[in-house]
Each structure stands twice: as structure tokens, then as C-alpha cells.
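**Student:** If you read the sequences in order, they're chains G and C.
Counted from 1, the first sequence has number 55 at position 55 by the numbering used here; the numbering is strictly sequential.
Counted from 1, the second sequence has number 10 at position 10 by the numbering used here; the numbering is strictly sequential.
It cannot be assumed that every hint is accurate.
[Stated by the list, open to error] Listed next, the stretches of chain C that the computed footprint assigns to chain G, with coverage defined by at least 3 CB atoms under 8 Å from CB atoms of chain G:
no., segment
1, 24-37
2, 61-69
3, 85-96
4, 125-134
5, 139-150
Hints are computed from structural coordinates only; laboratory data are not their basis.
C-beta atoms are modelled at their ideal positions from N, C-alpha and C, and glycine is treated no differently.
Chain by chain, the residues run as shown.
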Amino acid sequence: MPKEFRLILKNADKPGYTPDIDCYMANGGYEALKKSIALKAKETDDGKTKTPQEQIRDEVMSSGLRGRGGAGFSCGLKWSFVDRRSGKPIYMICNADESEPGTFKDRQIIHKDPHQLVEGMIISAFANDVHLAYIYIRGEFPEGARILNKALDEAREKGFLGKDVLGTGYDLEIHVHRGAGAYICGEETGLIESLEGKRAYPRIKPPYFPAVLGLYMCPTIVNNVETLCAVGHIMNMGGSEYAKLGTPRNTGTRIVSLSGMVKKPGYYEIEVGKATIGELIFDDAFGGGLLEGRTLKAIIPGGSSAKVLKAGEKFQMKRPNKDGELESVEVDLLDLPYDFDSLMAAGTMSGSSAIIVMDDSVDIVEALANVSAFYAHESCGQCTPCREGSLWMSKALNRMTSGKGRKEDADYLTHIATNIQGRTICAFGEACSWPVLSFVKKFKDEFEARGAADEAAQLESNQKGAVNSAN
Amino acid sequence: MSLNIPQKLESEIEELITHYPEKRSASMMLLHALQEHFGYVSKESIEWIAKKLELKPINVHELVTFYPMFRQEPAGKYVVKVCRTLSCALGGSGKLHKHVCSKLGLDAENHGLQTSEDGKFSVEFVECLASCGTAPVIMCNNEFHEGVSQEKADTIINQCP
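So that you can see chain G by itself, here it is in the shape it has in the complex (with noise of 0.2 Å):
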């Protein structure tokens, strides 16, 4: 039976569990930050000596660790193209912008257990020589914004943050910065304009990767607020043994954020890939089914950018068989594995975990018009393509929802999208027409369904009108 695996959210919600330090420290918080701070150099078999720093960045490496925010990119990988040698600060950034609609994850972390964060933060700040740390919240967590606040105080009280943390004589200065409403803030180059105080236009890479020319042009690492409390974790029990949890290439735990139409929407813990849709969705320990009466119509699999499913929709997928050889299989929507390289598989992505069901009631263009007009809404307004392509394929899909929609409209929508996808500074391009690609692809016969029956309602409305008008 699929199960939740609670690691990061294991206290969150126990009775009685608040967001003070005491409360954190009663169960064992700070322990993995005191036992990463105490390492001592290592010898390596090869003669080389190995930094407490080079070895904890050794255990996330071992742990297999992905970014928890939407790109799925190696942690360890992430960390080691920090450029140390520039003689310029290192700065870390905790994104906790959560802007990708369907996702609520972060919020239950930093509402709930906001010292797993901090903690989380301090031991990769430490491991990669950082001094100077920002959490870059959204500007609609006020709430977040004060606890974070008061999580930094209790620390910097305890001696975890500040001037010599924990008489190691590693000093460390973490300060909460807010958003104000802006998606593109997710993005991680734009979140650094963001924190340098100008608007959020995204850099072009190359040559500004944040490891090597981030915050005020100085090798920067950005980190998901998931990802950075995982480090947590895997300092406490050893990145192998991290590894062992998940899938290969997709270990770990995952917060999964459900939304939409199932019964019981939540935010739910698995190993990575220990769980397929079909389970999330329908199985009691999670979503547990549909509403009453309903069919399943599609999901959105990993944020509302990634490219939406349609129920019944089969993957060939290569999967090893019983002699341990790969071969390729048909795989069904419901039994895809939920992790990083299934989806992909299936030609979208787990993105920032998050999925958002819809079932028969929808109305499949009404929805892709929501999805669009929030794109639309959210375009920094940098690149021509993304800021008039996202507002012509609003705008059309507000033409179809208005009953003025035309039988080409699909043809239209998939024309301005393919000219957006890879031709912009940043991911927005893709963010803003996957999700009408993949809806007009998939569901082409409501879209020109709907197109047909507004020509033929308003060439009767114009006939009628000719009559009047000639009578």
C-alpha cells in the first residue's frame, strides 16, 4: 500500500508542535547543524585533506539531492560550480517565492516548522562559505515573513546564527527580504534583480549563472526552501542513507501540494517515486478519488506551467525487466511513478511538485483561459515575444470564453506559442505557452468545437441582424 513518508514534514502537524525553538529543539532540532559545525578536517585514502566544508557539500553530492523548486537540477552539482576562487563574497538565497500555481508547500514548512528551514540554511551557508544569507519570501506570506523574523531571533539568541556560531568562529547573518506579488520572482535571476532592489528582469545565461556573477555580480547560490531543509536531513542520517529513500536518480522525500478536483487536497510526503498518479489521486492515504459521480478529465502534473495530461493517455517508457534488461513498455497516466524522470518521460515535468486535477465538470478551454490569463498577467515584460505572446494568447482565449471565438482560434493559439518557446530570456517563454500547446494539442476537438459554434451562433445573430435591418 503506497504510504505518506513524512521527513521534512514529520513534526508539522503533530498535536501540539509549534514554531518556537524550544519546541524544534525538544525533537531534535539544531543536532545536524552542531554535528556538521564539529567536523574535523579528513584525511582522504589519496593523501589529500578534506574541509568540514568539502565534506559536508560530499554528503549532499552522495545524497543524490534535486532542487525541490521546479527545475529538478542537482544540488550537490549546483554547489560545486560555486566559484570560490573570485575572492568576492558567496551569497545564498533561500527561494521561498512559491509563485507556481498549485504549489503550497513551502508555506506549510514556513508556517509550521520554520527553524527546519533556518537550520537547513545555516549548514549549507556554512558549507559553502557564505556569510551573508537572504530568504526571498513572497510578499503574500506576510504571516511567513514574521515567523521566519522570529525563527532568525530565537537562533541568532542561541548562538546558531550571528558572530561566531556556536563558538566556531563561523559568522553568519541571515535577513528575511519580501516580494511584492510579482511570479517572476521565482525565477532566479530575476529574484537577485529583485534583491538588488530593481524590477525582476531575468538575466540572460551565459554569462550571469548565479555561481559565478549572482547577487551584486558575486557567485550566488539560490536553493528552494524544500531543498535547503533536505540538507538538514541529510546531514542527520548520512547522504547514502538519504539516497536509499526515493527511486534511483530520484531520492529523497517530496512534498506533493494536490489540488483541484479530488476529495481530500492536501500536501502529502512520499519517496520520491514511491507513489504513482493514479495513487495520489484515488488512494485514501492521499487525494482519495474523485468527487462523487465524476470522471477523470486531465491533470496538470508540476506547477500550472507544466504541460497538462489527459486522462486515459498511455507513455512508452523504458523500464528494466526481469532479467535487468531495459525495455519499452506502455505505461498508462495513472501508473506513472510521481517523480523527476517519469514525467519527463511522459513529456512534461514534476516541476515544483505540484498537482491539480481535473475532472469532467471542467470546462477545458475556461481552464487553459485561467492559466493563460495568469501568464499573461505575470510576464516581466523583457522579452517581445513573451510580453505580446502572452497577452494575444490571453486575449484569444478570452475571445473563446466570450462566445467570439472562431473555428481557427486552436490553430492561432499554437502558432503564437510555438514562436514564444525558445526564444526568451528566461523559462516564462515555455512557462506561458507549454500549457496552451499542450491543452490545444490534447484537447484540439473542444477547442474548435467551441471556435465552430460561436461562427455558426454569430453568422445567425449577423443574418438575423441583415433581416431586421433590410425590413
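Position chain C relative to chain G; hints supplied.
**Tutor:** The following block gives chain C in isolation, referenced to the frame of chain G:
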């Protein structure tokens, strides 16, 4: 025209500025602080921040026009933000928004933030508030409310002193 900024707020602002190696970084936090105090960001606030951070007013003004949470006009005493994005929409946020608007004598078709005649409430249809599992959700000033039925919205609004 000069702004009347209480000593306590000014020292909080001074402290915020120390969080950053470059003063310009503090501009968003200062905008939040002044918007919270005055209810909106006035031209004078922009100029005050610019001076404080050794910037040109345009450097601050361009943030106010970019980030949706900053407003250049006063709003009602209570700002009700109804989430309109997909999961909330599937959960009925369109109807909820209409209900809240009509309760306060506002036209749900109007774009952007609008304020009731008595100036007590402003309503805004906003993008994702990141609580999609408890749709539909609203914020009333800094208070967050989940699973908001029309009745619950009425209670929230009626309880605003």
C-alpha cells in the same frame, strides 16, 4: 511637501538598510514599510525613499509600477484579496469574488482594485496566494482565510471593526 515619518518607523527603516551591502537592495522593504504605514505609496514616499537610499526617484517609482502589491492610491481600511488562479477558480473563486463585490456594492467586472463607497473595503481579484489545497482562499489585509464559502466571506467582512 514633506512626509511625517514617526521616529520609531524611521529607526526601523534605518535598521532594514543595514541588512544589505548595497542600499538600493532595501528599496522594496522600505516600500512595504511606507505602504503599511500610509496605506499606499505616494509620490512623496517615493522621493523620501530615493533620498534615503541615494537613488533617483525613478529607481523607486519603477518598482511601484512593476510589483503588483504596491499601490499609488489609497485603498480601503480593509483590502480583501480573492485568489483567481486555477485551483481556486475550480473551487469557485469566480462566484466568491462576485459575491464579495456585490455585498460591498462593487462591480465584479471592473479591473483592478476597487473600493467601497464608505472607504472601508477594497476588493481585488489577485493571482495565486499559494494555498491551492484549501481553495478558494482570500486575504483580508494580512489575515489569511482558507476554504472560504460565501457565508464565511460574509462573516469575515462583517467581523471587520
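**Student:** Hint by hint, say whether it matches the structure.
**Tutor:** Hint check results:
no.	hint	verdict
1	24-37	holds (count 8)
2	61-69	holds (count 6)
3	85-96	holds (count 5)
4	125-134	holds (count 9)
5	139-150	holds (count 3)
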